[in-house]
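Undergrad: Given only the sequences and the hints, what does the whole structure look like? Please build it.
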Amino acid sequence: MGVELSAQCDESVAVTLRDVVVLLGDFPALASLDLSVNRGEVVMLTGPNGAGKTSLLRVCAGLVPIARGEGMVMGADLRHQRASVRSRVGMVGHSNGLYDDLTVRENLEFWGSLIGAGDDELRQAMSIMGLDGRLASVRVRGLSAGQRRRTAFAILVVRRAGLWLLDEPHAGLDSDARDEVDEVLRRASASGATVMLSSHELDRAQQLATKEVRLAGGVVVGDPQ
Amino acid sequence: MSSVSRLQTVRAVCAKDLRIEQRSKVLTSQIVPFALVMLVLFAFALDGDVILERTAPGLVWLAMLFSSMIIVQRSFVVEIADGALDALRVAGADMSGVFWGKWFALIVQLVVLEAVLIVGAIVMYGIDLQISGLVLLVTSSISATCGLSAVSTIYAGLASGVRGRESLLPLLVLPVASPVLIGATRAAEAAFGAGGTVVSEGWPWLGLLSVFAVVFSFGGSLAFGPLIDD
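Read top to bottom, the protein sequences are chains A and B.
What the first sequence shows, in numbering that gives the first Met the number 0, is residues 0 to 224, in sequence order.
What the second sequence shows, in numbering that gives the first Met the number 0, is residues 0 to 229, in sequence order.
FYI, nobody ran anything at the bench for these hints, they're computed from the structure.
Treat the hints with caution; some may be incorrect.
Here are some, though not all, of the chain A residues that point toward chain B, as calculated from beta-carbon distances under 8 Å [what the hints assert, rightly or not]:
id, residue
1, Asn95
2, Phe109
3, Ile127
Note that beta-carbon positions come from the ideal geometry of N, C-alpha and C, so glycine has one too.
TA: Spelled out as structure tokens, the structure:
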């Protein structure tokens with residue numbers, strides 16, 4: 000099945016899910032969900048709490064196995080190549096995946112060392128996210144919420160993630176920090192990354208998104224473009 | 000960007016864990032004093048030089064086991080506090096390399112704790128340690144530490160995604176680590192000459208500790224990734 004879908008996936012498609020079911024215990028977090036996302040799109044996931052937004056993002060990150068159906072993410076099969084899927088995507092959820100006792104630079108060095116990123120790539124990522132200069136040597140526990148988010152996004156840049164999966168990237172941030180996040184996402188999109196984000200900041204997210212996907216009860220109920 | 004060997008992952012994770020410990024100073028400012036207080040309380044409870052000298056090896060290893068639980072908890076708290084463990088999975092990190100990195104960093108911290116506890120026991124309980132006993136004590140302690148570190152890393156990873164992990168971890172680790180407690184205590188008894196034992200009686204226990212360390216270390220490196228995933 001995965002091979003058939005793979006054959007149908009061309010390089011312009013970032014995510015293809017077909018009849019995907021994900022179970023959390025006995026509860027179907029995603030129930031027979033179909034979705035297609037083209038590369039370079041910024042897709043906003045909307046829907047009430049429990050609609051399946053986070054589950055969908057975690058499935059696309061290869062963190063949650065699918066119980067039924069089939070899917071391809073960045074050219075890798077979700078059923079049989081989850082490790083490969085993970086190496087091609089980056090996810091920032093409610094948390095940032097940072098170490099509080101390390102500085103911004105040390106965090107980036109650590110995550111960079113896991114993929115063999117060089118000094119130039121780290122410098123470039125810090126520069127893109129405005130983390131160079133004094134901020135680079137500040138411990139993460141001393142950063143504002145917006146700066147922490149930017150550091151997490153810098154890791155995605157270092158990892159050269161082709162698909163950014165962002166679960167409520169505006170949550171817990173003040174207005175300035177939300178603007179910072181939006182600016183970063185615009186830059187990521189301009190550089191060719193595909194972005195899927197869930198957000199309760201509908202107006203803000205709609206300005207960023209090229210496509211809106213509405214979920215309810217674990218299925219797509221609207222794709223209003 | 001170049002591909003990364005498992006050794007590079009081990010080095011990165013180990014260096015990161017030790018740097019975090021060096022910055023936070025939880026081991027030196029909280030855990031080591033806690034372990035020493037435990038030794039003092041054992042002395043108050045058992046009140047008697049002969050009893051203390053006889054039971055010192057067991058007391059040292061009990062203090063070691065209980066204190067090690069705090070170090071192990073701490074080692075994984077830094078991974079889950081801001082979702083770094085999930086981020087490691089998404090980053091496609093070699094989870095076997097992550098296991099060995101955390102295993103080694105834990106060993107370094109446990110060895111420091113052991114050294115303090117043994118010196119503390121020698122000073123407080125009046126133990127007379129000979130050179131031949133010291134060799135047995137060092138080798139058996141290192142073997143025991145490798146095994147304890149492996150078991151702790153496996154179960155701490157397993158419990159990291161579970162609610163109530165703080166109380167669950169000792170329940171999971173302590174029963175499985177009981178061969179380490181038995182082997183290390185018997186070897187330390189022989190090293191200290193407690194209860195009329197001689198050093199040669201301790202060497203067979205080193206074999207048990209070594210087998211335990213090898214089985215759980217290599218088993219853990221294979222199982223860690225799937226356990227974290229599920």
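Undergrad: Look at each hint and say if it fits the structure.
TA: Hint check:
no.: 1; hint: Asn95; in the structure: holds, 5 Å
no.: 2; hint: Phe109; in the structure: holds, 5 Å
no.: 3; hint: Ile127; in the structure: violated, 16 Å
Against the hints set out earlier in the document, a violation occurs for number 3 only.
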